[in-house]
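Undergrad: Okay, here's what each chain looks like letter by letter:
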Amino acid sequence: MNRREFEQLRDLPDKRVSADIVWTAPRDGKPNLIFEQVELENSLGLDVVINGTFKPDIPSVTFNFVLRGVGPICRVDVNGTIHGDAGRTHKHDLRRETDPRNSVPTAVARADLEGKSARDVWNDLCERAKIEHAGTFSDPQGGG
Amino acid sequence: MPLDCETLKGMATSLALVTECDVIKNGMLRLATPFRYPDGSQIDLFLGSPPGLVFDDIRVTDLGQTAAYLFDLQLKPWATFKRKQIVEDVCKTLSVTQDGGELLVRLKKEELATSSLSDAMVRVAQACIRTADIAYTQRLRAPASFKDEVEEFISSDGIDVESGLVVPGRFNKDVPVDFRIKGRRIKSLILTLSTQNNAAAHGVSNEVFRRWYDLEPQRANYQFLTLFDSTNNSIRDDDLARIGEVSTVLAFPAQQEAVMEAIAA
Numbered sequence: 035m036n037r038r039e040f041e042q043l044r045d046l047p048d049k050r051v052s053a054d055i056v057w058t059a060p061r062d063g064k065p066n067l068i069f070e071q072v073e074l075e076n077s078l079g080l081d082v083v084i085n086g087t088f089k090p091d092i093p094s095v096t097f098n099f100v101l102r103g104v105g106p107i108c109r110v111d112v113n114g115t116i117h118g119d120a121g122r123t124h125k126h127d128l129r130r131e132t133d134p135r136n137s138v139p140t141a142v143a144r145a146d147l148e149g150k151s152a153r154d155v156w157n158d159l160c161e162r163a164k165i166e167h168a169g170t171f172s173d174p175q176g177g178g
Numbered sequence: 015m016p017l018d019c020e021t022l023k024g025m026a027t028s029l030a031l032v033t034e035c036d037v038i039k040n041g042m043l044r045l046a047t048p049f050r051y052p053d054g055s056q057i058d059l060f061l062g063s064p065p066g067l068v069f070d071d072i073r074v075t076d077l078g079q080t081a082a083y084l085f086d087l088q089l090k091p092w093a094t095f096k097r098k099q100i101v102e103d104v105c106k107t108l109s110v111t112q113d114g115g116e117l118l119v120r121l122k123k124e125e126l127a128t129s130s131l132s133d134a135m136v137r138v139a140q141a142c143i144r145t146a147d148i149a150y151t152q153r154l155r156a157p158a159s160f161k162d163e164v165e166e167f168i169s170s171d172g173i174d175v176e177s178g179l180v181v182p183g184r185f186n187k188d189v190p191v192d193f194r195i196k197g198r199r200i201k202s203l204i205l206t207l208s209t210q211n212n213a214a215a216h217g218v219s220n221e222v223f224r225r226w227y228d229l230e231p232q233r234a235n236y237q238f239l240t241l242f243d244s245t246n247n248s249i250r251d252d253d254l255a256r257i258g259e260v261s262t263v264l265a266f267p268a269q270q271e272a273v274m275e276a277i278a279a
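Protein chains in written order, with the working numbering: chain A, 35 to 178; chain B, 15 to 279.
Excised from the complex, chain A in its bound form (with noise of 0.2 Å):
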């Protein structure tokens, strides 16, 4: 995928999940919570997945889009690892053909998005993104 394919993928308004969002906490990967394998359904016919990452200790929590078979090529890291001068709240998006398999190494700050739970940081994802989410989102936190 080049980056007029990502962008075509990115502002394409049907966008739609409708699994439900549910976290759970492998035992061998804890004490992390990881949602996987979401659908991104598109009319572009992209087989795009989502999972995401939450670890209540920091709190953190990441979304994560993922081209099956190429890697990742968007993802949003809120209180994450810092990655330069976009601090440890921000978004990674697919800028050249070889960013999936360095996780997509690119990213800018998304410092609005600091100090906001999970759940609103997927409503503004999606909100972004064009994407309709026709499922539930649990709570990491907890409160349903």
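The set of hints was computed from the structure by calculation and includes no laboratory data.
Check before you lean on any hint, since a few could be wrong.
Derived pair list, reagent style DSBU-like, types lysine-lysine, alpha-carbon separation capped at 35 Å [to be verified]:
(1) B/Lys122 / B/Lys106
(2) B/Lys96 / A/Lys64
(3) B/Lys123 / B/Lys201
(4) B/Lys90 / B/Lys123
(5) A/Lys64 / B/Lys39
(6) B/Lys106 / B/Lys39
(7) A/Lys64 / B/Lys98
(8) A/Lys64 / A/Lys164
(9) B/Lys39 / B/Lys90
(10) B/Lys39 / A/Lys164
(11) A/Lys64 / B/Lys122
(12) B/Lys123 / B/Lys106
(13) B/Lys39 / B/Lys123
(14) B/Lys122 / B/Lys96
(15) B/Lys39 / B/Lys98
(16) B/Lys123 / B/Lys98
(17) A/Lys150 / B/Lys90
(18) B/Lys187 / A/Lys164
(19) B/Lys90 / B/Lys106
(20) B/Lys201 / A/Lys64
(21) B/Lys98 / B/Lys122
(22) A/Lys164 / A/Lys150
(23) A/Lys64 / B/Lys90
(24) A/Lys64 / A/Lys150
(25) A/Lys150 / B/Lys39
(26) B/Lys106 / B/Lys96
(27) B/Lys201 / B/Lys187
(28) B/Lys90 / A/Lys164
(29) B/Lys90 / B/Lys122
(30) A/Lys64 / B/Lys106
From a predicted model like this one, the values you see are computed outputs, not experimental measurements.
Given the coordinates of chain A, assemble chain B onto it according to the supplied hints.
TA: Chain B only, in chain A's frame:
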């Protein structure tokens, strides 16, 4: 000895192992280190006693961030025996403990003021780096891109390839090209054309045409070559014909020999 940022900075910042320090929700200290994951982000280490543990059980831990890094790449380090074995070997070599998704070293309180702290930080950070490198040991998530395959093919014949450059074009705009190659007598500019996405193919083709059009002032200096991916049929014939009006169009890998003849000329 109190466990706070200022004390830690006094002990560890002078060793340049800590570039930032703050306190996270569970009360542990988060220490940003100069070590990096493969994507360039700094490795965090967490220091302190997690809730529910006795104060004397002080941990230097990544709190599962390395596992999360791999998870972003669709690689669960715990999902296969081979990956588990790699992590176990890394931990054994570095005397690092694996606890679920965490990589950690336990310290006694009295060891904090000694070199044991910096030693533990380096060992855990190294374990993070080596574990994150599992990404490189797997078959590439992405099959090599078409552009990579072309570059690999050309350079394997000993030809120097300049990649990822821009060339001045019309309208005072720099035009990105994939490769520039100096042959025996002729210099070439190359644009590659490939997409797995049929819906995007026409747009990608138009972009190639647009770039050649804008590069017209360079025609006296270079031959223009378009290499399209012959392993799929996503590019329309009329798009290839249009690009053929402004450049030489060759199929790769189907016309490998013709490609090599053209660039070596």
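Undergrad: Does the structure break any of the earlier hints, and which numbers would those be?
TA: Violated: hints 3, 20.
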